[in-house]
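> Residues per chain are reported as follows:
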Amino acid sequence: EDQVTQSPEALRLQEGESSSLNCSYTVSGLRGLFWYRQDPGKGPEFLFTLYSAGEEKEKERLKATLTKKESFLHITAPKPEDSATYLCAVQAWTNFGNEKLTFGTGTRLTIIP
Amino acid sequence: NAGVTQTPKFRVLKTGQSMTLLCAQDMNHEYMYWYRQDPGMGLRLIHYSVGEGTTAKGEVPDGYNVSRLKKQNFLLGLESAAPSQTSVYFCASSTRDRGYEQYFGPGTRLTVT
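Residue numbers (this note's numbering), protein chains in the order written: chain S, 159 to 271; chain H, -10 to 102.
It is worth saying that the hints were derived from the structure and are not from the lab. Watch out, some of these pointers could steer you wrong.
[To be verified] When the alpha-carbon atoms are kept at most 20 Å apart in a straight line, the in silico SDA-like pairs for lysine to any residue are as follows:
hint: 1; chain 1: S; residue 1: K237; chain 2: S; residue 2: R195
hint: 2; chain 1: S; residue 1: K200; chain 2: H; residue 2: K46
hint: 3; chain 1: S; residue 1: K215; chain 2: H; residue 2: T44
hint: 4; chain 1: S; residue 1: K237; chain 2: S; residue 2: Q196
hint: 5; chain 1: S; residue 1: K200; chain 2: H; residue 2: L11
hint: 6; chain 1: S; residue 1: K215; chain 2: S; residue 2: K200
hint: 7; chain 1: H; residue 1: K(-2); chain 2: H; residue 2: K46
hint: 8; chain 1: H; residue 1: K(-2); chain 2: S; residue 2: K226
hint: 9; chain 1: S; residue 1: K217; chain 2: H; residue 2: A(-9)
hint: 10; chain 1: S; residue 1: K200; chain 2: H; residue 2: D15
hint: 11; chain 1: S; residue 1: K200; chain 2: H; residue 2: G31
hint: 12; chain 1: H; residue 1: K(-2); chain 2: S; residue 2: G199
hint: 13; chain 1: H; residue 1: K46; chain 2: S; residue 2: W251
hint: 14; chain 1: H; residue 1: K46; chain 2: S; residue 2: K237
hint: 15; chain 1: S; residue 1: K226; chain 2: S; residue 2: R189
hint: 16; chain 1: H; residue 1: K(-2); chain 2: S; residue 2: P198
hint: 17; chain 1: S; residue 1: K217; chain 2: H; residue 2: Y92
hint: 18; chain 1: S; residue 1: K215; chain 2: H; residue 2: K(-2)
hint: 19; chain 1: H; residue 1: K59; chain 2: H; residue 2: A13
hint: 20; chain 1: S; residue 1: K200; chain 2: H; residue 2: V39
hint: 21; chain 1: S; residue 1: K217; chain 2: H; residue 2: E90
hint: 22; chain 1: S; residue 1: K200; chain 2: H; residue 2: K59
hint: 23; chain 1: H; residue 1: K59; chain 2: H; residue 2: V39
[As the list claims (entries may be wrong)] Far from chain S by the CB rule (all over 10 Å, computed), these chain H residues:
hint: 24; residue: A71
hint: 25; residue: P72
hint: 26; residue: S83
Each residue gets a CB set at the ideal place from its N, CA and C atoms; glycine is no exception.
Extracted from the complex, chain H is given alone in its bound form (with noise of 0.2 Å):
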């Protein structure tokens, strides 16, 4: 088992292009997330999905669009980059079966400038 995966592991993009994450799992999770780190503020939920074409809001989802089409991947879009959104970010899968612990991936470090 692969577990999480991420692609691309970096990516510098200029302000206002627009760029895709994606995030596969091979483990039949039901619920995905996307969280960025910066420092000093700790992990924060982006969006998240409790299945397959359903998603939903977390704490700092503005700039930022997910699809969730197939069960095992679950994408994360930024429609006209910021400087703000330059951060690590990370993808992570659960499954009510194991009490939701949540399995990360490697992550994904964007810079916009």
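Bound conformation, chain S alone (with noise of 0.2 Å):
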């Protein structure tokens, strides 16, 4: 069964303060790993998608990457624009369909000013 755990639960930065949340994975064979940001009361948006160990992808202050066990969402220097739920969700390579997504629980980053 494919397991997704993210941490930490909750990360508090001051504004400016780069850090990173963390991915990791359990997965039969891994086709591509998303990421996606939530902000209160809404669907999850977008972010990336990432297919193979050392890729990298990045999107103004955020760069995805990842391992064959575990992913990394690096934030530098963020501001309070960027606090929201980050979720990390894993799709494998399946027989019949590749159309499923496995969901970690998210780590609510919060940027104080």
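Mind docking these for me? Both chains are given alone in their own frames, and the hints should help you get the complex.
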């Protein structure tokens, strides 16, 4: 069974204080690892897909990296508007379709001005 | 494009009542999903559809039924609501052409008393 564990559960940073969020996963064969951002009261918003170990993707102050066992979401010099819950999800290769994702429980990030 | 829309946004039911949640997408995506999100549990897949007229069970299907009569719509039904079904429900859609990244609706907050 595919499993995704995110840590820490919650993280409070001062504005400008860089840090990383962790997503560790167990999957029979990884097809893709997805990062989402979720603001309170809203649906998750897609950020990145990573497909192979060593791959990196960036968007503004966010950079996602992938190894064979985990992914990191690095946030550089964060601003208060980066406050949100960040979700990680994995997609496994299957014989009958690759359309399902397994989500972690998320990291709630708070950036203090 | 409106993306993924959900109706209603909020609903309060009494135990034993029935209701239907409507999800609509205008992106011509072939895959659609229903999730529930509970504190500490993350997003859990209820049912999903790989195309018009086809549905499949997800991780937590008991107590729910779905139908996809048109490609753009995916309905989630509760035949006899229970307090355990109090949750926030999200609909999502995806396409193979965009790497299966899922696009989410704004959610429906359901309370069963």
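> So, for every hint listed, does it hold in this structure?
Going through the hints against the structure:
Between K237(S) and R195(S) the CA atoms are separated by roughly 15 Å; this keeps the pair inside 20 Å, and the hint holds. Proposed proximity of K200(S) and K46(H) is contradicted: the alpha carbons are some 25 Å apart, above 20 Å. With a C-alpha separation of about 34 Å, the suggested pairing of K215(S) with T44(H) is violated against the 20 Å cut-off. Annotation: proposed proximity of K237(S) to Q196(S) holds, straight-line Cα distance about 16 Å (limit 20 Å).
For a cut-off of 20 Å, the pair hint linking K200(S) to L11(H) stands: about 17 Å separates their Cα positions. Between K215(S) and K200(S) the CA atoms are separated by roughly 24 Å; this puts the pair beyond 20 Å, and the hint is violated. Between K(-2)(H) and K46(H) the alpha-carbon distance is near 24 Å, which puts this suggested pair outside the 20 Å criterion. Distance hint between K(-2)(H) and K226(S) is unfulfilled; the C-alpha atoms sit about 39 Å from each other, more than 20 Å.
Taking the CA atoms of K217(S) and A(-9)(H), the gap is near 24 Å; set against the 20 Å cutoff, the hint is violated. A C-alpha spacing of about 19 Å is found between K200(S) and D15(H), which places the hinted pair at or below 20 Å, so the restraint holds. Between K200(S) and G31(H), the direct Cα distance comes to roughly 14 Å. Compliance with the 20 Å bound is thereby established for this hinted pair. Straight-line distance between C-alpha atoms of K(-2)(H) and G199(S) comes to about 10 Å, which keeps the hinted pair within the 20 Å bound.
With a CA separation close to 18 Å, the supplied pair K46(H) and W251(S) stays within the 20 Å bound. Simply put, K46(H) and K237(S) have alpha-carbon atoms about 40 Å apart, too far for the 20 Å limit, and the pair is violated. Proposed proximity of K226(S) and R189(S) is supported: the alpha carbons are some 12 Å apart, at most 20 Å. Among the hinted pairs, K(-2)(H) with P198(S) is consistent with the structure: their alpha-carbon atoms are about 14 Å apart, no more than 20 Å.
For the proposed pair K217(S) and Y92(H), the alpha carbon gap of about 18 Å is at most 20 Å, so the pair holds. Using a Cα cut-off of 20 Å, the hinted pair K215(S) and K(-2)(H) is violated, with the two alpha carbons roughly 34 Å apart. For a cut-off of 20 Å, the pair hint linking K59(H) to A13(H) stands: about 10 Å separates their Cα positions. Between K200(S) and V39(H) the alpha-carbon distance is near 25 Å, which puts this suggested pair outside the 20 Å criterion.
For the suggested pair K217(S) and E90(H), the alpha carbons sit about 16 Å apart, so the restraint of at most 20 Å is met. Between K200(S) and K59(H) the alpha-carbon distance is near 25 Å, which puts this suggested pair outside the 20 Å criterion. Simply put, K59(H) and V39(H) have alpha-carbon atoms about 12 Å apart, close enough for the 20 Å limit, and the pair holds. The Cβ of A71(H) sits about 23 Å from the closest Cβ of chain S, beyond the 10 Å cut-off, so the non-interface label holds.
For P72(H), the requirement that its beta carbon stay farther than 10 Å from each beta carbon of chain S is met, with the minimum near 22 Å. With a least beta-carbon separation of about 6 Å from chain S, S83(H) fails to lie farther than 10 Å from that chain, contradicting its non-interface assignment.
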